[in-house]
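Undergrad: Residues per chain are reported as follows:
Number of protein chains: 4
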Amino acid sequence: MEQPSQLSQESLEHQHAGHGAGDEAGHDSGHDAAGHAGHGYVDGRADYVRRLKRIEGQTRGLQRMVESDQYCIDILTQVSAVTRALESFALAMLEDHLRHCVARATVAGGDEAEAKITEASAAIARLVRS
Amino acid sequence: MEQPSQLSQESLEHQHAGHGAGDEAGHDSGHDAAGHAGHGYVDGRADYVRRLKRIEGQTRGLQRMVESDQYCIDILTQVSAVTRALESFALAMLEDHLRHCVARATVAGGDEAEAKITEASAAIARLVRS
Amino acid sequence: MEQPSQLSQESLEHQHAGHGAGDEAGHDSGHDAAGHAGHGYVDGRADYVRRLKRIEGQTRGLQRMVESDQYCIDILTQVSAVTRALESFALAMLEDHLRHCVARATVAGGDEAEAKITEASAAIARLVRS
Amino acid sequence: MEQPSQLSQESLEHQHAGHGAGDEAGHDSGHDAAGHAGHGYVDGRADYVRRLKRIEGQTRGLQRMVESDQYCIDILTQVSAVTRALESFALAMLEDHLRHCVARATVAGGDEAEAKITEASAAIARLVRS
Numbered sequence: 000m001e002q003p004s005q006l007s008q009e010s011l012e013h014q015h016a017g018h019g020a021g022d023e024a025g026h027d028s029g030h031d032a033a034g035h036a037g038h039g040y041v042d043g044r045a046d047y048v049r050r051l052k053r054i055e056g057q058t059r060g061l062q063r064m065v066e067s068d069q070y071c072i073d074i075l076t077q078v079s080a081v082t083r084a085l086e087s088f089a090l091a092m093l094e095d096h097l098r099h100c101v102a103r104a105t106v107a108g109g110d111e112a113e114a115k116i117t118e119a120s121a122a123i124a125r126l127v128r129s
Numbered sequence: 000m001e002q003p004s005q006l007s008q009e010s011l012e013h014q015h016a017g018h019g020a021g022d023e024a025g026h027d028s029g030h031d032a033a034g035h036a037g038h039g040y041v042d043g044r045a046d047y048v049r050r051l052k053r054i055e056g057q058t059r060g061l062q063r064m065v066e067s068d069q070y071c072i073d074i075l076t077q078v079s080a081v082t083r084a085l086e087s088f089a090l091a092m093l094e095d096h097l098r099h100c101v102a103r104a105t106v107a108g109g110d111e112a113e114a115k116i117t118e119a120s121a122a123i124a125r126l127v128r129s
Numbered sequence: 000m001e002q003p004s005q006l007s008q009e010s011l012e013h014q015h016a017g018h019g020a021g022d023e024a025g026h027d028s029g030h031d032a033a034g035h036a037g038h039g040y041v042d043g044r045a046d047y048v049r050r051l052k053r054i055e056g057q058t059r060g061l062q063r064m065v066e067s068d069q070y071c072i073d074i075l076t077q078v079s080a081v082t083r084a085l086e087s088f089a090l091a092m093l094e095d096h097l098r099h100c101v102a103r104a105t106v107a108g109g110d111e112a113e114a115k116i117t118e119a120s121a122a123i124a125r126l127v128r129s
Numbered sequence: 000m001e002q003p004s005q006l007s008q009e010s011l012e013h014q015h016a017g018h019g020a021g022d023e024a025g026h027d028s029g030h031d032a033a034g035h036a037g038h039g040y041v042d043g044r045a046d047y048v049r050r051l052k053r054i055e056g057q058t059r060g061l062q063r064m065v066e067s068d069q070y071c072i073d074i075l076t077q078v079s080a081v082t083r084a085l086e087s088f089a090l091a092m093l094e095d096h097l098r099h100c101v102a103r104a105t106v107a108g109g110d111e112a113e114a115k116i117t118e119a120s121a122a123i124a125r126l127v128r129s
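Residue numbers (numbering that gives the first Met the number 0), protein chains in the order written: chain A, 0 to 129; chain B, 0 to 129; chain C, 0 to 129; chain D, 0 to 129.
Next comes chain A alone, as it looks inside the complex:
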């Protein structure tokens, strides 16, 4: 019915094969081999994936609730729980982004620093308004 996977795993890997151009030497996460850039969340990546798998499971749970004709209000309660889990995920990633990517740009200074803060602020606005 649905084609949830837009990009095949292969094309994703292909896309990112050349990643690492932006090698940010001195990055504290040693596990990004070969000068790979690694964003702010890279140290917690396993935890972020785990949270998303849980959210995916909750979404499948919602499908089963709808398919088995469960009570609307119980479904809505579960939707609120999934929304809160997504919010917590986003807030954690945003904090990592401020602590690493934005902080790095700020120390470097200049237009890039300004641009990073403008960009982060727009992301915060989207979270607050969604």
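There may be inaccurate statements among the hints.
[Unchecked claim] Simulated DEER-style distance windows between Cβ atoms:
| id | chain 1 | residue 1 | chain 2 | residue 2 | range |
| --- | --- | --- | --- | --- | --- |
| 1 | C | D46 | D | G109 | 43 to 53 Å |
| 2 | C | D110 | B | A107 | 15 to 25 Å |
| 3 | C | G43 | B | R63 | 44 to 54 Å |
| 4 | D | A121 | A | D73 | 39 to 49 Å |
| 5 | C | A107 | A | T76 | 53 to 63 Å |
| 6 | D | G109 | C | R49 | 45 to 55 Å |
| 7 | A | T76 | C | T117 | 15 to 25 Å |
| 8 | D | D46 | B | T117 | 48 to 58 Å |
| 9 | C | A121 | B | S67 | 34 to 44 Å |
| 10 | B | A107 | C | A121 | 21 to 31 Å |
| 11 | D | R83 | C | R49 | 36 to 46 Å |
Hints listed in this document are in silico derivations from the structure and should not be mistaken for laboratory results. Ideal placement from N, C-alpha and C gives every residue a C-beta, glycine not left out.
Since the structure of chain A is provided, determine the placement of chains B, C and D on it from the hints.
TA: Okay, now just chains B, C and D, sitting in the frame of chain A:
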């Protein structure tokens, strides 16, 4: 983890005896026997499941983004999109709930009507605050 | 610290002196027949006004915080408190609306009932998304 | 009506030179004393106060709506507008905070930098969840 259908089939059929022609022939969950009405969202169930499958796909897309080390801000943009999709799902289900379950109880009147509105209001509060 | 009450108690009482007549001259909803108590929130009107005066006072408190150069984060904490107070106000008014206006229209039935639920659902969507 | 504090760029620079003193005792009077550490929003203070005055006016408008028994849904629409205005205020102030206070601490480095990001993240979480 989940317990489908708290109310017995009999009591549901009793409660909803007069409900319209909500029989969704060919629906994948076979437990809705002939003519059974179910909850307010039952006529749109296929659409609700479709929305949830799309949200599940988006959540898997988020996992791939994290695993392939994509940029934090792009991930956050996608999280906002998923959150909005969940909100739209919830608002549609809530409207169906008001239009069917709550309206039915209101016409019947009495304590059940009061209880339904209190319950719906609590669900709205959870949505607004999440 | 805050002076939430600008209007004297006297002027308040004066304003509400004629209350209870349900005089809604020129109001577009003609279905509120003679002696009818107006909108859903009418019994709790004094409480609603009190909440709004408190919110107004909090807003003036925010102005003083900005004018006296208080710390950004403390101001943001106070903004969140005001936002929550507005949300609680809106949720209470919405519940009253469902319990009275929408319920009345539902019992009457017909297009008006449908329209009221559509309208309430749009208001809920605005609250959820703001 | 408004008292836009006319701090010259020079005095601002002077003020910020001594940042860290954090002399915020007896805060709300004599606020721009010499050596005081002006927060991130100080250049836009007149605009922030103007926004808050508008929000205060909207709140008084809400009181009049309730007192004159206006329609619930119209009141709720106006509440959503006020909530959005508060959100925009908070997002602007947060961006100023990131651009000035947090950036300053980040350049200085150390525990203070970490603490500022933790603190800003908690404020963002309150905004997202309120």
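Undergrad: Next, verify each hint and record whether it holds.
TA: Tested hints:
no. : hint                           : in the structure
1   : C:D46 with D:G109: 43 to 53 Å  : holds (50 Å)
2   : C:D110 with B:A107: 15 to 25 Å : holds (21 Å)
3   : C:G43 with B:R63: 44 to 54 Å   : holds (51 Å)
4   : D:A121 with A:D73: 39 to 49 Å  : violated (32 Å)
5   : C:A107 with A:T76: 53 to 63 Å  : violated (31 Å)
6   : D:G109 with C:R49: 45 to 55 Å  : holds (47 Å)
7   : A:T76 with C:T117: 15 to 25 Å  : holds (24 Å)
8   : D:D46 with B:T117: 48 to 58 Å  : violated (43 Å)
9   : C:A121 with B:S67: 34 to 44 Å  : holds (40 Å)
10  : B:A107 with C:A121: 21 to 31 Å : holds (26 Å)
11  : D:R83 with C:R49: 36 to 46 Å   : violated (24 Å)
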